[in-house]
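Number of protein chains: 8
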Amino acid sequence: MAYTIYLSGEIHSDWREKISQGIQQSNLDIEVLSPITNHDSSDNVGSNILGNETSNFWKDHKSAKINALRTNNFISRSDIVVIKFGDQYKQWNAAFEAGIATGLGIPIITLHSPDLTHPLKEIDAAALAVAETPEQVVEILKYISQPSK
Amino acid sequence: MAYTIYLSGEIHSDWREKISQGIQQSNLDIEVLSPITNHDSSDNVGSNILGNETSNFWKDHKSAKINALRTNNFISRSDIVVIKFGDQYKQWNAAFEAGIATGLGIPIITLHSPDLTHPLKEIDAAALAVAETPEQVVEILKYISQPSK
Amino acid sequence: MAYTIYLSGEIHSDWREKISQGIQQSNLDIEVLSPITNHDSSDNVGSNILGNETSNFWKDHKSAKINALRTNNFISRSDIVVIKFGDQYKQWNAAFEAGIATGLGIPIITLHSPDLTHPLKEIDAAALAVAETPEQVVEILKYISQPSK
Amino acid sequence: MAYTIYLSGEIHSDWREKISQGIQQSNLDIEVLSPITNHDSSDNVGSNILGNETSNFWKDHKSAKINALRTNNFISRSDIVVIKFGDQYKQWNAAFEAGIATGLGIPIITLHSPDLTHPLKEIDAAALAVAETPEQVVEILKYISQPSK
Amino acid sequence: MAYTIYLSGEIHSDWREKISQGIQQSNLDIEVLSPITNHDSSDNVGSNILGNETSNFWKDHKSAKINALRTNNFISRSDIVVIKFGDQYKQWNAAFEAGIATGLGIPIITLHSPDLTHPLKEIDAAALAVAETPEQVVEILKYISQPSK
Amino acid sequence: MAYTIYLSGEIHSDWREKISQGIQQSNLDIEVLSPITNHDSSDNVGSNILGNETSNFWKDHKSAKINALRTNNFISRSDIVVIKFGDQYKQWNAAFEAGIATGLGIPIITLHSPDLTHPLKEIDAAALAVAETPEQVVEILKYISQPSK
Amino acid sequence: MAYTIYLSGEIHSDWREKISQGIQQSNLDIEVLSPITNHDSSDNVGSNILGNETSNFWKDHKSAKINALRTNNFISRSDIVVIKFGDQYKQWNAAFEAGIATGLGIPIITLHSPDLTHPLKEIDAAALAVAETPEQVVEILKYISQPSK
Amino acid sequence: MAYTIYLSGEIHSDWREKISQGIQQSNLDIEVLSPITNHDSSDNVGSNILGNETSNFWKDHKSAKINALRTNNFISRSDIVVIKFGDQYKQWNAAFEAGIATGLGIPIITLHSPDLTHPLKEIDAAALAVAETPEQVVEILKYISQPSK
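Protein chains in written order, with this note's numbering: chain A, 2 to 150; chain B, 2 to 150; chain C, 2 to 150; chain D, 2 to 150; chain E, 2 to 150; chain F, 2 to 150; chain G, 2 to 150; chain H, 2 to 150.
Simulated from the structure, these hints should not be mistaken for laboratory data. Note that the structure is predicted; figures quoted are calculated from it, not measured. A portion of the hints provided could be inaccurate.
[As the list claims (entries may be wrong)] With a cut-off of at most 27 angstroms between alpha-carbon atoms, the simulated BS3-like pairs for lysine-lysine come out as follows:
(1) H/Lys60 to G/Lys91
(2) A/Lys150 to D/Lys19
(3) F/Lys143 to D/Lys150
(4) H/Lys60 to F/Lys143
(5) E/Lys143 to C/Lys60
(6) A/Lys19 to H/Lys150
[What the hints assert, rightly or not] The calculated label-pair distances, taken between Cβ atoms and stated as ranges, are:
(7) C/Tyr90 to B/Asn53: 48 to 56 angstroms
(8) E/Pro148 to B/Ser42: 32 to 40 angstroms
(9) G/Thr55 to B/Ser77: 33 to 41 angstroms
(10) C/His119 to B/Ser42: 38 to 46 angstroms
[Claimed, not checked] Some chain A residues near chain B, calculated using beta-carbon distances under 10 angstroms:
(11) His13
(12) Trp16
(13) Ile37
(14) Asp44
(15) Arg78
(16) Gln92
(17) Ala96
(18) Pro108
(19) Pro148
The C-beta atom is built at its ideal place from N, Cα and C for all residues, glycine as well.
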């Protein structure tokens, strides 16, 4: 009855911690996976490990690919992908990861303020749940983690 | 040697027309697919056909799903998905469709200004080409459409 | 831009004819597939071709399998499966075919009276559109069949 | 030699308990998965967690999708899906889950009274066993769980 | 509504011709594929084209692989595989091809005398129809080829 | 570095025991799966559990399907399928299981006397090893089980 | 009975022309696909269309990806991939494409001098035919293109 | 957060040991798989176990297939395949394994000197990282192995 979930998206609030704590407090048998959420480390990993680039494009490119080694793997081994959208930054990567999960047939839960309903309508339409708070996500996880008879 | 391509993303400039015209002018054997690009029609199709909703969420939801009948089908039957990002709106659906294509193993070409390099780095990293102009996309299509020996 | 659709479910009303006529009247490039809708022929095909059985179970079994040669094939080559539920009979086969399509990743449209909302909630939840009339299905097909730009 | 089975369908009799007890009594290495069988909890989970809806359709819709997070996952990780049909209610969801399993290539066992042979003929035709009692299902599980040489 | 069928198995009777003639006489829209049925040509194609071998094992090996270029391709593009078993020779290749189709999820029809029921029980159990005569196969093909409504 | 292997085919000699003993003696981390090798039990399981049939065809049919619950599962979770052919009986089921494995992309090892080279040429051509003795199979398993560096 | 083949590998001899001519002379219903075989055009396409790079690595990178848009597509739509190895250059791309085809389950034919047997043993072991001359490839194509009965 | 990696390619330097030691020193939860790197054992395993061949082609063939039992399995169960190219030998098997991983959708990391950039451009273009030293590979593995939040 164990689940593996991947927490995609916003890295500037503590929503991942809230979900992880909720899982721990309820003793749910759920493995939580997440991307590298340290912004600087994530942006510079390519140059840091594989050497500097003179152009920003290739610097970003190398970092993004190393991050993809982790994130694509985590998405593909997850039972559910939760994607959080906030009100800052373009967050195209969050939407991209929602799409990868959908393309792989992995169900998604979106997490965002009702203010974002319209621009997120296609992603919400593909989601099995649209939550507004991390607590709601935890409640869903608790519900689906009830023991089988 | 025929290709089918799907043109995803921005609906507020004439980039689709430019690519389609380039394909016609070069007599390329390429079928071009696109979403419904009429904003109002696309937003209201759910209510128009299946009846009104009192909440914006479900109004958007019904429309988004009907559009998905078309777009998911077009993505999955394409050989290449071209995604255009502009400087207006959130465009999460464009990133979402790039993700669906990637999850399905369908190659993507991105099309955007260099200004957007950093927020698009993960999508660009998954792309087989990153173009700045529709003309470059046409040049790529011409190149890969050369006859086999 | 052509679609192939399979019309599953109820065989005691003229909904298939209405959809087919709507498609023809609008000149949509849509191939319509359907099961054998002659009840007697469908029930007896196993015995008629492969010989009588003394038990009803095996008589039904042989017929159901021959019908599956057609229906499974039609479902798997369809872009969209439309499933009609009515108020008579158990119609488990309609729900079963909706499930097969869903398991194969093929989108479904359900068609039924609002009276059936509660027992069909799981199937409706998996559908990209829930229609009440064949005319609505035709309108959806017209919408998604608009030419690409 | 361990198996995972999912017990789909009827929630108004104790057939799941009988199968689970039979598995325990014979010390079979079989993990049993089941949907949430509390009718009220299952029907209301969407509103309870994500907020009320004014229409029954969307109330059902939200609940059905949260349940699908669990059931689709359980079906897809099962080696065998057992589906019980009874003589009450429409049970379209049971037939739908049989279809999902079939679409995913997961073998099914049906469990029902001979009275239901005719309306279940297509699902029975896709099943690897058609049982009338939970005890027969347990016997099959015991048989296929014998140690390898 | 067109089907593609592959006729596997026995090459020492005229059952393929009977099925092909039945298809033609009924004007069915069915493409018939078959292996190379010339025994000598099939056995020697490896040596004939790629050079002699001193051992029978490698002579057979090279021929079998060239034949597999054709037969595996034909099986995988078929909607239905019909496999005929006779009373001569070991015919392991017929059973092997039935298995390949089954592994690929392609439905099979078996064709054999009732004398062979017991040794063919596993293959018959995987078949959607078990016929005794080519005429029965043609009747099945006619039945499933009726036009859609 | 653990492997799971399925031992398919002949049930009238002690080749499975020889392979299992070789695996144990060399302490290989290999799980061995096998079908039910008790001929009577396997032939009668359908009638024994699900009730008698008046025709041999359906008696065989029910048993074969229950056995398929085990064998198809074991084949699909194996890393390698070993198939033994002997000089008695028709053994179509062994060839059928070799085909299922091949259709699923699971590698096979065949095990048979050189006398059977010609009728087994297609199956041997699909195999990654053709052995004559169980000891050779054990040697191969030992070789591929060497620790990684 | 039509086949699509992709001719991968060596671009410095006329082996593709010989195969194409053999296909035409025998009126075989075979579509021939090939990569861009103009060395300069292929090496510089990235810079030519998308702009210069200061490093050779990224110059090569952009060109290789545009070529992949064509070659990956051609491999995945082929029934057979023929790979020619010569005695010049490293030809890692030829081996890479043989691997892609193998990973996708598409059968391969290798074409090379016996001098290269040892370094090509793994690729030859995965091939359904190992030819030394283009004429042999044409003979194989003629053999497998014989009409079905 | 555990990964399984397969180390493909060059067997004449100690790069595998360096990566394994780096993994151990950093206590990474990574399983390392590798081919048989004993050249003689690998070349002769076919003859050693299954008997001598008079031709070098078939001797190589039998060995290559037994090695494929291990390597194909290891590739397909890996999360990442690392492929090392050196300056000796043709190393087509390394490129072939990079292709198999790519065809299966498994991400690759290449490891080679900048001298080899041009002939490896297609493989590098498919890689998520291009490293020059085993230490860089270890750094990447450390980075992607950081705990999830």
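Checking each numbered hint in turn, tell me which of them this model violates, lowest number first.
7, 10, 11, 12, 13, 15, 18, 19
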